[in-house]
Amino acid sequence: MSSTLYSRLFLDLAREIESGRRPVGSRLPSIRQLSRERGISKSTVLAAYDRLEAEGLIAARPRSGYYVIDTTTRDAAAPRLPQTSQPECTPLPVTSGQILLDIMQRGTAFDLLKDTHHEQGNTALRRCLSRAQRRQTLSAQQNYDEPQGSERLRLLLSQRLMQGGSRIGRDELVITGGCQHALMLALMATTRPGDIVAVESPGYYGVLQLIEALNLKALELPSSASHGLSPDALELALQHWPVKVLVVSPSYGTPTGACMPESNKQRILELMTRKGVPVIEDDIYGELSFSGLRPPTLHSYDKSGSVLLCSSVSKSLSRDLRVGWIAPGRYLDQVRHLKLVTTLASCQAQQEGLAFYLEAGNFDRYLRLRRERLRIQYRELRELLHQHLPMLESCSQPRGGLSLWLELPASIDTIQLYHRAQTEGLVLTPGRLFTAQSRYGNALRLSFAFPWTEQRQKSVTKLGMLIREQLSQP
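So for the sequence shown, our numbering puts the first residue at 1; every next one is plus one.
Quick caveat, the hints were computed from the structure, so don't treat them as lab data. It cannot be assumed that every hint is accurate.
[Unchecked claim] Think about it this way: if two alpha-carbon atoms lie no more than 30 Å apart in a straight line, the pair counts; the simulated BS3-like pairs of lysine-lysine are: (1) 303 with 217; (2) 244 with 275; (3) 244 with 217; (4) 244 with 303; (5) 275 with 303; (6) 275 with 217.
[As the list claims (entries may be wrong)] Computed spacing ranges between beta-carbons, pair by pair: (7) 465 with 359: 31 to 39 Å; (8) 393 with 457: 40 to 48 Å; (9) 437 with 270: 23 to 31 Å; (10) 167 with 424: 46 to 54 Å; (11) 39 with 235: 41 to 49 Å; (12) 422 with 147: 42 to 50 Å; (13) 241 with 162: 55 to 63 Å; (14) 27 with 242: 18 to 26 Å.
Even glycine gets a Cβ: it sits at the ideal position worked out from N, Cα and C.
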C-alpha cells in the first residue's frame, strides 16, 4: 500500500467533510467503488477510511457502509457543548485585572502547575539555531537586519503559507517579534484611539490587552465553541456600530479551540469587504490540527488585501523562539513603518536558524509528532475530567490547538477558585480573563499542551476537590 496514496485520499475526503461538501449523514462510496474510481487498491481505501473513523469524522454501519457523522457530538460520554455566547453587544473599554498580570508573571498561562514544564527537546532546532549563531559575522552583529526581516526566511514562509491556501510573495511579508507583536502592528495600522474593534467572545486575552493599551473599545460578539464567531451577529453589529476592524482566530483559537467552517469564513469576509472594514486574522494555531488537515486561512479567500494575516512559531514549534510574521495586504507600508518605530529590527540569528530548520524539512516532521502528541494529550485530559470533574456543565471539543473551555455550575466563582488554588500550588486561567465584560465567571480554560505526568494528573484531581469544596459552601 502506498502511504502517499493513502494520505492523499484521507486528506481529500477529510477536506470534503470539513468543508461540508460531504454533509453529516451522507454515505461515502463503498471501498470497491472508490478503489475502482481512484485506480487504487482496496487496502489503501480501507486504510484511509480507518483513519477518518479514528479521527471521528465518519462511522461504519454494519452491512451498510461508512457515513459522515456530526463532529460536534461524536464524543457521547462528554458533557454537552457550551452554548453560543451571548455577550452584551456594546463597545466597551478594556481594563486588565490583577489576575492576568499575576498569571503572566508566573509564566503558567498554559499550565496547571508552576515551573514544572520544559519543552520536549528539539535537537534539530537547537542545531540550526547554533549554526546560525556561529555563522553570524561581526558585521552582522553590529548592523540591523532589513526592515521587513530576513529575505530568505520570508521566502520560505511565503511557500509555507500556501498550505493554508494563501498565495503571497516574500515582499508581502514582514517578520515580527512574535504573533502578539504582529497583532499590535495590525491594530495600530487599522485603528486610531477611541475606535471600535469587533472581537470574538470569549476571545484571546492578548487581543484585549492590546485594545486596552491602544485606547480602543472592544465590541464582543457571540461565538460558538465549535464554529467560532457568528456571522449573523457580525452582520447585525456592522449595521449598528462603526466597526473599524475585526480580530478573529478561525482555527483552534484559545480559549475554546473552535474551528470555523469554510462557509462562515467566506460569509464573514464578504460582510467585511462590503463594508470596507479590514480583518485581522490570528492564525497562530492553524498548524495544530489533530488530523493533520490544515484548515484554509480566511486570508486565502481575500482578493482585496483587506485581511492582515498574523502568526508565529511559538505555539507550533517553540515558545522560546520569538519569530512571527504578518501579511498586511494593503497596509504593508504602514506596518513596515510601524515595525521600525516599535522594534527597529528583529533577531537575525533566530530568523536564520528558523530558515535553516525550514529548509531542511524538519518542521513538517516535527509537526506530525506534535499533532499526534496533542491529540493524545487532549484525549487524556478528557478522561481526567470525566473522572475528577463530573460536575462539569459543559466542555468544548476542539479538533486541534492547545486548549478547551470548561463551564462549571453557576454557583462556582472561578476567580475565588483561582485564589484558593494558589494555596495548593495550582494556577488556573479563569474565564473572566477572556472578556472585557462581567461574564464567564464560572468558566475555566485548561490546556493540554503538556504531557500528563503523574504530578499533573494529581493537579486535576486536586482541582476537582477544590471545586467540590466550593460547591459545598453555603
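Structure-based check of all given hints:
1. At roughly 28 Å between alpha-carbon atoms, residue 303 and residue 217 fall within 30 Å of each other, so this suggested pair holds.
2. Distance hint between residue 244 and residue 275 is fulfilled; the C-alpha atoms sit about 10 Å from each other, no more than 30 Å.
3. Distance hint between residue 244 and residue 217 is fulfilled; the C-alpha atoms sit about 10 Å from each other, no more than 30 Å.
4. Restraint check for residue 244 and residue 303: the C-alpha separation of about 19 Å stays at or below 30 Å, so the hint holds.
5. Of the pairs offered as hints, the one joining residue 275 and residue 303 holds, with about 15 Å between alpha carbons and a cut-off of 30 Å not exceeded.
6. For the hint pairing residue 275 with residue 217, the CA-to-CA distance comes to about 19 Å; that is within 30 Å, so the pair holds.
7. A hinted range of 31 to 39 Å is violated for the C-beta pair residue 465 and residue 359, which are about 50 Å apart.
8. At about 23 Å, the CB distance of residue 393 to residue 457 disagrees with the hint of 40 to 48 Å.
9. For residue 437 paired with residue 270, a C-beta distance near 28 Å keeps the hint of 23 to 31 Å intact.
10. Distance hint check: the CB atoms of residue 167 and residue 424 are about 51 Å apart, consistent with the given range 46 to 54 Å.
11. Roughly 45 Å separates the CB atoms of residue 39 and residue 235, a value that falls within the hinted 41 to 49 Å.
12. Residue 422 and residue 147 have their C-beta atoms about 44 Å apart, which keeps the hinted 42 to 50 Å range intact.
13. A hinted range of 55 to 63 Å is violated for the C-beta pair residue 241 and residue 162, which are about 36 Å apart.
14. Against the hinted window of 18 to 26 Å, the Cβ-Cβ separation of residue 27 and residue 242 comes to about 48 Å, which falls outside the hint.
The structure fails hints 7, 8, 13 and 14 (numbered hints given earlier, in ascending order).
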